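Trainee: With the hints as your guide, set chain B onto chain A.
Protein chains: 2
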Amino acid sequence: MEPKTYAEAGVDIHKADAFVARLKHSARRDGHKRLWPAAGGYASVYPVAGNLAVALTTDGVGTKLLLGLEQKKLDTIGIDLVAMCVNDLLCVGATPATFLDYYATGKLDEQLSDDLVAGIIEGCDQSGMLLVGGETAELPDLYQHGHFDLAGFAMGTVSREALITGENLKPGDKIIGVASSGVHSNGFSLARKLIAQDHPLRQTLLTPTAIYAQPVVRLLNEYPGAIKGAAHITGGGWTNITRPNKSLGYVIENHLPVPEVMKLMSETVATEEMYKTFNMGMGFCIMTDAAHVDKVIATFQASQFNAMVVGEIFDKKPALKIRGVSQKEIVFATSAK
Amino acid sequence: MEPKTYAEAGVDIHKADAFVARLKHSARRDGHKRLWPAAGGYASVYPVAGNLAVALTTDGVGTKLLLGLEQKKLDTIGIDLVAMCVNDLLCVGATPATFLDYYATGKLDEQLSDDLVAGIIEGCDQSGMLLVGGETAELPDLYQHGHFDLAGFAMGTVSREALITGENLKPGDKIIGVASSGVHSNGFSLARKLIAQDHPLRQTLLTPTAIYAQPVVRLLNEYPGAIKGAAHITGGGWTNITRPNKSLGYVIENHLPVPEVMKLMSETVATEEMYKTFNMGMGFCIMTDAAHVDKVIATFQASQFNAMVVGEIFDKKPALKIRGVSQKEIVFATSAK
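For the protein sequence lines, the chains are A and B, in the order given.
Using this note's numbering, you'd call the opening residue of the first sequence number 368 and step up by one each time.
Using this note's numbering, you'd call the opening residue of the second sequence number 368 and step up by one each time.
Honestly, the hints are just simulated from the structure, not real lab data.
Keep in mind that a hint or two might mislead.
Since the list can't tell identical chains apart, any single copy or any two copies may satisfy a pair.
Think about it this way: if two alpha-carbon atoms lie no more than 20 Å apart in a straight line, the pair counts; the simulated DMTMM-like pairs of lysine to aspartate or glutamate are [what the hints assert, rightly or not]:
1) K541 x D508
2) K560 x D476
3) K541 x D442
4) K371 x D508
5) K400 x D508
6) K560 x D508
7) K474 x D508
8) K560 x E489
9) K695 x E528
10) K683 x E437
11) K474 x D442
12) K537 x E477
13) K688 x E489
14) K537 x E620
15) K439 x D508
16) K400 x E489
Bear in mind the structure is a predicted one, so any value in this text is a computation, not a measurement.
Excised from the complex, chain A in its bound form (with noise of 0.2 Å):
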């Protein structure tokens, strides 16, 4: 039988949710008052001198990497990897500086490794990031062969005052969008089992993440305080969008283009779970006041993103209204993280 959501693929979104709020119950409460609030919780911001801080996310590529043995192309998703990443660091103001890998399989293999490996400095260099370090690991017994698995430590720099809180964000502020290069890194448990084998979209699917660093860098320099909150629309799909702040409501309008295969997906699973699940042609989110909103566009432009006003933000819960996608607006009461 085909799954129609992502549960019946075998992934639990909420069950891994609730992990994580036990981790954050049983850590050292006292401790963590250090850290810096950041906008979204895409990264944790530890202060070390002063005025500056190191924003720190960890993140893996998912079943991605399966479909990418399947197809025989595993020379970008090392891309894929530093991506997931380095698009939570920008969530919360942060400048990439530098990327680890960690690496595990079965037996390892010169030509699979050199691909993951090309992969993950292709991805470095889009960010602006120095690979510095990194796990081999060979791990017998443990992966099947053939199998093995990625994860990824970015860490970046911020200070106070380019930190993304979320709370100069008020009602009327613009939520901008940034194209995705397709479905990136998330829903694949999904995709792997909806677009069939032989379907000739089954190989756009490995399409390497877009890495927002560099536009983003720019307008954190260019135009200090102009982010006022971002979203990278990650596992969760569009409910992160909420995420940079809680107590407001947001409302989706425009949209850009859906990719085909996305198109493709929504004619078995239910509207709402696509977009709970996929980015539906929207990778990235800046939220800006309206006097800024012709500079963030034009400097994703720059960069070759297609980026434009999708809504705004207002007062009102509950948290996300998509409207324009189903004849009744869809209606997110919540955000998955």
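Mentor: Showing chain B alone in chain A's frame:
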């Protein structure tokens, strides 16, 4: 057939080294000049402001976690994960600050997750680090039922003065060995095959890796400059001793007690192979001048670690001579890293 070497157990440390070397070669050379050179390459040291840098490491626990699954004891594996990262940070003179974990599994199991996190938090507490984040990935199809993998990422801070470069080491300096708590987290692909499942010593393999943060941070604070070199005895066994400064020689003549489980494995594995795979009772080394020997030993003893002078730096190659463990002295020409 019982494996007699680490390679026969399925781990090719030389192939892994070649991969790491290729990675260094491929990465952007110019950018890497920004990094501060630190002794032994145990951590990457990235300057963030004037006199201050952050040190970064990543590691996993290898197949020790398969033993944890077999023995249904996973609440200390997190300590191993933290230890493997934090003991590396200490080798460059960094004070541990933050930790993130990556935990991937086929299907999230709440009890197992709780156990793992409990260990990670315990390890962070022992290290004076904050657990500031992590990624929990549910990857059906990638991990076999009940299997999972763990990676850790540690960050510490280090001033230019505290940085251990290994450059101050000179002939006549003393090597202080600090006791391990057991096998720590290296060599498990071999150990799991050599110690029978019903052997009473098998469960001692799970003893958590010792964390040397408390005494080492005390030494860094109370006796600045006293630590001229440090070595975490991790993958590659005692060849790690040579990492702080490759232009010098190292001789070990006195020996901390060798754990019973290693004596047992020595019955089937050649002595040389044992010393380049396991810690043989010594989990960490500090290299210091004669004037600081008593203070270093007393500081470790105050933290309940057995420590003593085990050898000395000399100016002649080959790099490492081990005396008193077999009829002829064992000579290693170079370190594995």
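Trainee: A separate judgement is required for each hint: does it hold in the structure or not?
Mentor: For each hint, the structure was consulted:
no.: 1; hint: K541 x D508; in the structure: neither (52 Å within a copy, 41 Å between copies)
no.: 2; hint: K560 x D476; in the structure: neither (27 Å within a copy, 23 Å between copies)
no.: 3; hint: K541 x D442; in the structure: neither (37 Å within a copy, 47 Å between copies)
no.: 4; hint: K371 x D508; in the structure: between (33 Å within a copy, 17 Å between copies)
no.: 5; hint: K400 x D508; in the structure: neither (41 Å within a copy, 39 Å between copies)
no.: 6; hint: K560 x D508; in the structure: between (27 Å within a copy, 11 Å between copies)
no.: 7; hint: K474 x D508; in the structure: both (10 Å within a copy, 19 Å between copies)
no.: 8; hint: K560 x E489; in the structure: neither (29 Å within a copy, 40 Å between copies)
no.: 9; hint: K695 x E528; in the structure: neither (41 Å within a copy, 64 Å between copies)
no.: 10; hint: K683 x E437; in the structure: neither (46 Å within a copy, 53 Å between copies)
no.: 11; hint: K474 x D442; in the structure: within (18 Å within a copy, 28 Å between copies)
no.: 12; hint: K537 x E477; in the structure: neither (52 Å within a copy, 38 Å between copies)
no.: 13; hint: K688 x E489; in the structure: neither (37 Å within a copy, 42 Å between copies)
no.: 14; hint: K537 x E620; in the structure: within (18 Å within a copy, 69 Å between copies)
no.: 15; hint: K439 x D508; in the structure: between (23 Å within a copy, 17 Å between copies)
no.: 16; hint: K400 x E489; in the structure: between (36 Å within a copy, 19 Å between copies)
Checked against the numbered hints above, the structure violates hints 1, 2, 3, 5, 8, 9, 10, 12 and 13; every other hint is satisfied.
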